[in-house]
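Undergrad: Residue-level listing of the chains:
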Amino acid sequence: MEVTKDKHPVEELTKDPVVIDQVKRLIHIAPLEKILNVARAHSLWPFGFGLACCAIEGLMAANMPRFDLSRFGYEVMRGSPRQADVMLVCGTVTHKAAPFVVRLYEQMSEPKWVIAMGSCAISGGPFVDSYHVVPGVDKLIPVDAYIPGCPPRPEAVIDGWLMVKEKILNPKVVSKVRG
Amino acid sequence: MKTQTYSLNLGPQHPSTHGVFRIILELDGETVVKATPVPGYLHRGIEKLAEARTYTQVIPYTDRMDYLAGMLMNWGYVQAVEKLMGIEVPERAEYIRVIVGELSRIASHMIATGAYGGDIGALTAFTYTFRDREYCIDLLEMVSGSRMTFSYFRVGGVADDLPGEFYPAARKFLADLPGMCDEYDGLITGNEIFQARTKHVGVITPEMGINYSLSGPTLRGSGVNYDLRKVRPYSVYDRLNFEVPLGKNGDCFDRFRIRIEEMRQCGKIIQQALDQIPEGSIQAKVPKVIKPPVGDAYAEVESSKGVYGCYLVSDGSPKPYRVHFRRPSFINLGYLAKLCEGWKIADVIAILGSIDIVLGEVDC
Amino acid sequence: MLSDWGAVFIFFAVALAFGAGGIVTSFLIHPRRPTAAKLTTYECGVDTIGPTWVQFKTSYFLYALLFVIFDVETIYLYPWAVKFQSLGLFAFIEMIIFLFILIVGLWYAWKEGALEWK
Amino acid sequence: MADYSIPADLMEALKNKFPGLEIQENRDVIVPAADLIPFMSEIKDNQDYAMDFLTNLTGADYKDRFEMVYNLVSMTHGYTLMVKVRIEDKEKPEIPSLCPIWGGANWQEREIYDLMGIVFTGYTGHPTRIFLDDNFQGHPLRKDFQWQGGREA
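Chains as they are written, first to last, in my numbering: chain A, 1 to 179; chain B, 1 to 364; chain C, 1 to 118; chain D, 1 to 153.
Only chain A is shown next, with the shape it has when bound in the complex (with noise of 0.2 Å):
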């Protein structure tokens, strides 16, 4: 998502620095994308792509009773790509399905995300040293969360999606070194 530019376009009426301060104080010009990405980031849609054990997790217990992943508004489960905002990748990539995983991703409508999550996605996981398994996900495609785990509790899935959340209100975060 590239980041808006902060330009007010008040500077282009005067150049006395007193009138644009006072005028950026009180009105406040949010570009349509941020109202948007309120809008987005309260509502993500998750795309159902369980690939092995972190799909029981991430995909289903999250989403049950105890964990309840719709307290936060993203359990709206879609089964093809082109009603999904979020990519969760649960599981290992192999050779075999990279083909799919990287087409599945590129039919996504924008503006999209990508969860990897366990450390299969991340990096191979257990099985980096096989000849069929893809060392990691961001091989193929952009990630913009990483939550590690084998498979990971329910609860870090959940801090996987309010990260992915608070990347979309203000994408400056990334740069801020969490924790």
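Worth double-checking, as some hints may not be accurate.
Derived DEER-like restraints, expressed as beta-carbon distance ranges [unchecked claim]:
| no. | chain 1 | residue 1 | chain 2 | residue 2 | range |
| --- | --- | --- | --- | --- | --- |
| 1 | D | Q148 | B | Q57 | 17 to 25 Å |
| 2 | B | D160 | D | Q148 | 33 to 41 Å |
| 3 | C | F98 | B | P178 | 51 to 59 Å |
| 4 | C | G50 | B | S317 | 47 to 55 Å |
| 5 | A | K172 | B | A175 | 51 to 59 Å |
It should be emphasised that the hints constitute simulated quantities derived from the structure, not laboratory data.
Note that CB positions come from ideal geometry on N, CA and C, so glycine has one too.
Given chain A, work out where chains B, C and D should sit, using these hints.
TA: Just chains B, C and D, lined up with the frame of chain A:
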């Protein structure tokens, strides 16, 4: 008017394939003319990786195969190593293995029940079964510290003892279990839409089931009484009495119904095991570095999907020379191609759901 | 006289605006980045196999046709059902005849096997 | 563990019907590749053994030979039997397929061909890969298989 058949991908990315499993369906309208299953999208080469690991390091790979019943996977592998080395597992460890194994079976059957309800369209069933599975997973987490990939078994015993608060929590869970199973019966089994969609669909005859080496609820749904815990009792199963539920006409409905029955029987088994568990050590005398004698061994365990076997070849070094896992989900799928012919697309999803496959185990 | 129809018209306009509004605003503001890969057909993540424009069975068409007929029939039933008491016996008989004609049509379709899925 | 193997007298009957048989001390049976099919159909059809359930079918790659391992169970009598077959020819390993006898052998044989490279003759549809792509070079479970893992040094 002659109609052309067309090919459709019930593809790797599909809500009802329980993971990345692909069936190329040749369809004439709605009816399946030919079905070609294509597994392999999750093939991680566990058997090749196991050859480069020591005997104890292979244990975490086993419960990433059938990640719904991790304990039973550990059991199959560990039993093969013990048979190869001729180790006698102490009494208490055997009882602990039965308790956590049956708990893992309950958790696996709960997902199978909920997912099958979801496949047929009863999405709320999934919520109920998962809510109860969380209680079952709490018990297993109390014992092993992890929710799904336990790696709790060791060659010659188990990692550590049952914690003190496990017994009251387990008894409370066992008291609620029959109520949970009645709830699933009332919610799913009794639903006539569910029955209309699953009765007399995907019928497996006993002869075909045996000929195609099917096992577990898939085979017992056709009335074949083949449950390793009864046919060749291993561990302490010969001291526990329980019945093996059998189906009558081998259709999707029977395969589904006996899974709920099996959950009730698991409750009875755990009850008896909790009553009879003796005191004592939980780990046999095993050398620090496990070097089995040269030779091979094959041992089998009844996992929630069927007979789970492990064939081990040792050349005396601390690393296994060859490890082969007999995976029930993989072999149960061998019959899917013939089973789906002639049924409609919706029935194919019902049949695939009733065989209850887990892709980590199919592709190994 | 006009005001009565005016109310109906306003109701219709609001309904139209509500529906079309959502579509138009989303059309205006959603980002458009059509890439070649994005426009390929989605079939579970893999390429389609074989020709997809095939002659398929007529039962799809017959089912849709029967549904449309009986859907239209229920539209006619609604106004009648609303004014059921005040219309009296004559309208009741009239509607029964109308229903009977359609039931005969359904019976014929059923006998001819339009509903079975061969 | 109770002993579920075939009793001695039935084993003797097999021995003299198939002279090439070699019975190990733990009652595993080594069958020469030539009369694998007759042996297997004998123990399946002959009601004394009634080995109608093929539990496991796998292969192992040793230095001087390949070895196929079949585990069989008799549903009626409850016997279990492990049958081994040695394939001396390492360059072109071939063995008759058991699919005509047990349908369950189909996928397991395709898996062994895919990962080990042992060709199963006498059945249409073999040998085809089941897990890996058709253009995958080599058979991973062979000891001489070279591959490049994902671990950055």
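Undergrad: If a hint holds in the structure, say so; if it does not, say that too.
TA: Verification of the hints:
no.	hint	result
1	Q148/D / Q57/B: 17 to 25 Å	holds (22 Å)
2	D160/B / Q148/D: 33 to 41 Å	holds (39 Å)
3	F98/C / P178/B: 51 to 59 Å	holds (55 Å)
4	G50/C / S317/B: 47 to 55 Å	holds (51 Å)
5	K172/A / A175/B: 51 to 59 Å	holds (54 Å)
In this structure, every one of the numbered hints holds.
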